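Participant: Residue strings, one per chain:
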Amino acid sequence: MIKKLAAVALACVTFSSVNASADQLDTVIQRGTLNCGVVLDFPPMGYFDENNEPAGFDVDYCNDLAEVLGVDVNVLNLTWGDRIPSLIAGKTDVVIGSTSDTLERAKSVGFTYPYFVFKFQVIAGKDKNIQSFDDLENLKVGAALGTTYETEYLAYAEKKGWGKDNYTSFKSENDAYLGLYQGKVDAIISTNTNIATKLRSKEFADFAAGPFVPKYDDVVGLIAKRSETAWINYLNLFLVRQIRDGNLDAAYNKHFGSDAPADLIQSLRDNK
Amino acid sequence: MEYEFHWNIVFQKMPELLNGAFVTLHVSVLAMLLGIVIAILLAIAKMNNSKPFCYVATVWVEIARNTPALFQIYMAYFGLGAFGIHLSPYVAVLSALVFINAGYLTETFRGGFQSIPSTQYSASKSLGMTSFQVYRYIILPQMLRRIYHPMTNQFVWSILMSSLGILVGMSELSGTTQRLQSLSFRTLEFFIVAAVMYFIITKLVLISSSLLSRRLFKGEI
Chain A
155 MIKKLAAVAL
165 ACVTFSSVNA
175 SADQLDTVIQ
185 RGTLNCGVVL
195 DFPPMGYFDE
205 NNEPAGFDVD
215 YCNDLAEVLG
225 VDVNVLNLTW
235 GDRIPSLIAG
245 KTDVVIGSTS
255 DTLERAKSVG
265 FTYPYFVFKF
275 QVIAGKDKNI
285 QSFDDLENLK
295 VGAALGTTYE
305 TEYLAYAEKK
315 GWGKDNYTSF
325 KSENDAYLGL
335 YQGKVDAIIS
345 TNTNIATKLR
355 SKEFADFAAG
365 PFVPKYDDVV
375 GLIAKRSETA
385 WINYLNLFLV
395 RQIRDGNLDA
405 AYNKHFGSDA
415 PADLIQSLRD
425 NK
Chain B
3 MEYEFHWNIV
13 FQKMPELLNG
23 AFVTLHVSVL
33 AMLLGIVIAI
43 LLAIAKMNNS
53 KPFCYVATVW
63 VEIARNTPAL
73 FQIYMAYFGL
83 GAFGIHLSPY
93 VAVLSALVFI
103 NAGYLTETFR
113 GGFQSIPSTQ
123 YSASKSLGMT
133 SFQVYRYIIL
143 PQMLRRIYHP
153 MTNQFVWSIL
163 MSSLGILVGM
173 SELSGTTQRL
183 QSLSFRTLEF
193 FIVAAVMYFI
203 ITKLVLISSS
213 LLSRRLFKGE
223 I
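Just so you know, the sequences run in chain order A and B. In terms of our numbering, the first sequence opens at residue 155 and continues consecutively. In terms of our numbering, the second sequence opens at residue 3 and continues consecutively.
None of these hints come from the bench; they were simulated from the model. Here the structure is a predicted model, which is why all the values come from computation and not from measurement. Mixed in with the good hints, there may be bad ones.
Said to hold, decoys possible - Derived EDC-like pairs (lysine to aspartate or glutamate); straight-line CA-CA distance at most 16 Å:
id, chain 1, residue 1, chain 2, residue 2
1, A, LYS280, A, ASP340
2, A, LYS313, A, ASP288
3, A, LYS280, A, GLU357
4, A, LYS261, B, GLU6
5, A, LYS318, B, GLU18
Using the sequences and the hints, build the whole thing.
Facilitator: Take a look at the structure:
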């Protein structure tokens, strides 16, 4: 028994050391499949369409990337919290999942150039009549657990001395909207793009988009294993080509109904 | 393995993790105490054949034992929310755990009672003991001994189940761990430390319960 275990352990060690020396770019090409992680709970970046197929801006980017690599694509549905474990465990080669490029996270994971810029925004019932961000002081506010807007809101609330009692964390983006819809909270913080999508549905007819989180642009990148510099280089070039080849505009048109705004393209170029 | 561990961030966040561990312990102890009280009532209701009470107790036990804890917590939070009843994450998790604990313990208690042969009751009565004395000196001590370990197991299970509080954004040990990991992306470090904390908590519970049982039952178990 012990011998067997030792043999298995040895095989694992040998296998992983071979794997570690192989470059991720080569691995993907040789495998013939790109394992692309997307958060499918975050429309219009990632969601399930009416046929229950993955769709959205991030999914289109996965498809475009697989196409230029000349491989098939395997889109994996992740939660916010699964993004890094999926990379470490080797379940995904890249995560196209609106990952905010904080320096803290960059200690653990490799970021590409930015590929999108969000604004964080408030959505609340029309009757709440929120004019400025400071109107949230006496309201019950929520956001999805472990998101950058949760961090930003809590930092702002702490600075203003609002305390944490009025704040509720939700497991996922969907749960945050469900909580808002049920009246568990008066307002939630989300991204401008997700809010715009939700406001088009009839469930959220009585809700309105409120002010932006002050002084914050959420710049997001693709993530890959930190050690895979060659792979990250490839992904960087891919992102630049997406702008130049018009694929960014195509995806933007499909999901937001217009060409990508000049200021978005400019900030993607500036941030690069 | 390529992964480089960064332990110092975990030590920096230790106060938050300990706070989460405290909430975990807090909610499971409370859920256990309330669960025991309700389970005693349900067990009496089930044994005492009065129709409406027996019916309520049976439905309770059947639902608690045959549906996943995950759904019960979710229903307590979002399910009741659909009817305008808004429990805080803490109360939602607490009530779900009480519901489950009571469901399981009811059967434990009932089994404990029924495992004592009724002949003991008649024998004690024939020696001139009152009903109260029979229960106090003959039945209850034996029953307690028999259900003690299943009760301890339920307690440990209730501590581990409280980690489902993460579903409703509760800041117990798992929720805190998840939040810290998504800010820093140091998944393995935070999860390992949290797992160790769960292990220590449950181990402490088991050790103290076995010390207590030695005092209570004087080594007869």
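Participant: When you check the alpha-carbon spacing of LYS280/A and ASP340/A, does it fall within 16 Å?
Facilitator: Holds - the C-alpha atoms of ASP340/A and LYS280/A are around 10 Å apart, at most 16 Å.
Participant: Going straight from one Cα to the other, do LYS313/A and ASP288/A come out at no more than 16 Å?
Facilitator: 12 Å, holds
Participant: Do the alpha carbons of LYS280/A and GLU357/A lie within 16 Å of each other, as the hint requires?
Facilitator: 13 Å, holds
Participant: Is LYS261/A within 16 Å of GLU6/B, Cα to Cα?
Facilitator: 10 Å, holds
Participant: Is LYS318/A close enough to GLU18/B, meaning Cα to Cα at most 16 Å?
Facilitator: Holds: LYS318/A and GLU18/B sit about 14 Å apart, inside 16 Å.
Checked against the numbered hints above, the structure breaks none of them.
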